[in-house]
Amino acid sequence: MTADYDVTAEEIEQISGVNPLRCMRCGRCSATCPAYDEMEYHPHQFVAMVERGEIDKLMESQSIYKCMSCMACIERCPRQVKPARLIEAIRLAVVRKQGGNHLCPDDVPALYDPDLPQQALVSAYRKFTK
Amino acid sequence: MVYSYFPGCTLKNKARDLDLYGRRAAQALGVTLEEIPEWQCCGGVYPMNEDEIAVRLSSVRALNYAKENGGTLVTICSACHNVIKQVNNDMAADGTISTHANNYLKQDGIEYHGEAREIHYLELLRDEIGYDKVRAAVKNPLKGRKIGAYYGCLLLRPSNVMKMDDAEHPTIMEDLIEAMGAEKVVYAMRNECCGGYQTLEDKEVPAKRARMILENAKDNGADTVITACPLCYYNLKKQAEAEGVRVVYFTELLAQALGVKDENESAAAGDGDGAPACKCPMAAKEETK
Numbered sequence: 001m002t003a004d005y006d007v008t009a010e011e012i013e014q015i016s017g018v019n020p021l022r023c024m025r026c027g028r029c030s031a032t033c034p035a036y037d038e039m040e041y042h043p044h045q046f047v048a049m050v051e052r053g054e055i056d057k058l059m060e061s062q063s064i065y066k067c068m069s070c071m072a073c074i075e076r077c078p079r080q081v082k083p084a085r086l087i088e089a090i091r092l093a094v095v096r097k098q099g100g101n102h103l104c105p106d107d108v109p110a111l112y113d114p115d116l117p118q119q120a121l122v123s124a125y126r127k128f129t130k
Numbered sequence: 001m002v003y004s005y006f007p008g009c010t011l012k013n014k015a016r017d018l019d020l021y022g023r024r025a026a027q028a029l030g031v032t033l034e035e036i037p038e039w040q041c042c043g044g045v046y047p048m049n050e051d052e053i054a055v056r057l058s059s060v061r062a063l064n065y066a067k068e069n070g071g072t073l074v075t076i077c078s079a080c081h082n083v084i085k086q087v088n089n090d091m092a093a094d095g096t097i098s099t100h101a102n103n104y105l106k107q108d109g110i111e112y113h114g115e116a117r118e119i120h121y122l123e124l125l126r127d128e129i130g131y132d133k134v135r136a137a138v139k140n141p142l143k144g145r146k147i148g149a150y151y152g153c154l155l156l157r158p159s160n161v162m163k164m165d166d167a168e169h170p171t172i173m174e175d176l177i178e179a180m181g182a183e184k185v186v187y188a189m190r191n192e193c194c195g196g197y198q199t200l201e202d203k204e205v206p207a208k209r210a211r212m213i214l215e216n217a218k219d220n221g222a223d224t225v226i227t228a229c230p231l232c233y234y235n236l237k238k239q240a241e242a243e244g245v246r247v248v249y250f251t252e253l254l255a256q257a258l259g260v261k262d263e264n265e266s267a268a269a270g271d272g273d274g275a276p277a278c279k280c281p282m283a284a285k286e287e288t289k
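Residue numbers (the numbering used here), protein chains in the order written: chain H, 1 to 130; chain U, 1 to 289.
If you're looking for bench data, these hints aren't it; they were derived computationally from the structure. None of the values given here were measured: they were computed from a predicted structure. By construction, the Cβ of each residue, glycine as well, lies at the ideal position given by its N, Cα and C atoms. You may find that some hints are simply not true.
[To be verified] Derived coverage of chain U by chain H (criterion: at least 3 residues anywhere in the stretch with Cβ under 8 angstroms from a Cβ of chain H; other residues may be distant):
#, segment
1, 7 to 17
2, 193 to 201
3, 254 to 263
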């Protein structure tokens, strides 16, 4: 994939409402993240990489689909940085592109389980599509 | 007492028990939950970013209805509660979101700035009805049951908006457990995520999380874990048998304690914990699988 997304760190900061400069690098967000093991880049790295403007790397990573939106990093950050909002902003920048949806209706039958609550499908659609 | 009530998509389908027993228990406590007309799905997850306006509108419409009908909106599903409460806060405190949302809703004749109050059923029990009254109404105390509350994420976080309880040391469900005559079991994983909607893509992630949660509850002596979230219920239930812990909706246990749960219903549905309460053709078909 070519690294040409035309999305700037400023745009990510604007739509997320997050200022990465507030971060003091304590790592508590990653320590408390239930998706840590599944992620290539961890919540504290999202903050540092947005600060450095490394948006393309994050947009190309599967890490943006691993967040469970549990808000533990938001709750437990001593500096109110809200890393989950950054992850969400980067995921949105990807899925909002033409053909950028991570989940397609055709994928659902294979993933479906008769016990699955509607809430799971609704939430996944909200997170993974535009 | 009559309250406007937002059931949400899942309580009309896979989580009928959560809804049915919630309404019955409320009735037994002198409260009527009046389902608001033409409600729309909350979206399941709160849109965290500032520029997502359209996805907030269903919550605003429900809140606006409540504003004009008693002033309070009750939810039972953790996800609906989380989304609607956070959107309510946006409408009251975030001028940009509120302005954009109201611009959309002008055509519906709606102008809303966070005037309604959104409360979860647990808050209805604790703050409106009162646990003393709940305790007094218990007909079948759950004596000898050791019950762990599973809060998950959505009831408590972010605590500065949700304001239900202390996000790290909550007591609202434990106090209910005691009011129902059971013994509370406090365990560390009660407010850690079950894996949520990741279950759609990768079953192993929530399986691992659910095993950790249930093992932790069991290690601390719990025979049962209660939840208010259909997705937590689904993820935990998948591991419940292997872990030897029962997973039940909190409203079902409450209805049982208040003596308004039809025991034939539970007999017909196996252990009764969480099996479809409504015998519609679809539910019957699933049961035979």
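Cut-off 8 angstroms, C-beta pairs, minimum 3 residues; does the coverage of the segment 193 to 201 of chain U by chain H stand?
As far as the segment 193 to 201 of chain U goes, the hint holds, because 8 residues have Cβ atoms under 8 angstroms from chain H.
Are there three or more residues in the segment 254 to 263 of chain U whose C-beta lies closer than 8 angstroms to some C-beta of chain H?
Violated - the segment 254 to 263 of chain U has 0 residues with a Cβ nearer than 8 angstroms to chain H, which falls short of three.
Assertion that chain H covers the segment 7 to 17 of chain U - criterion: three or more residues, beta-carbon distance below 8 angstroms:
Satisfied; 6 residues make the cut.
The structure fails hint 3 only (numbered hints given earlier).
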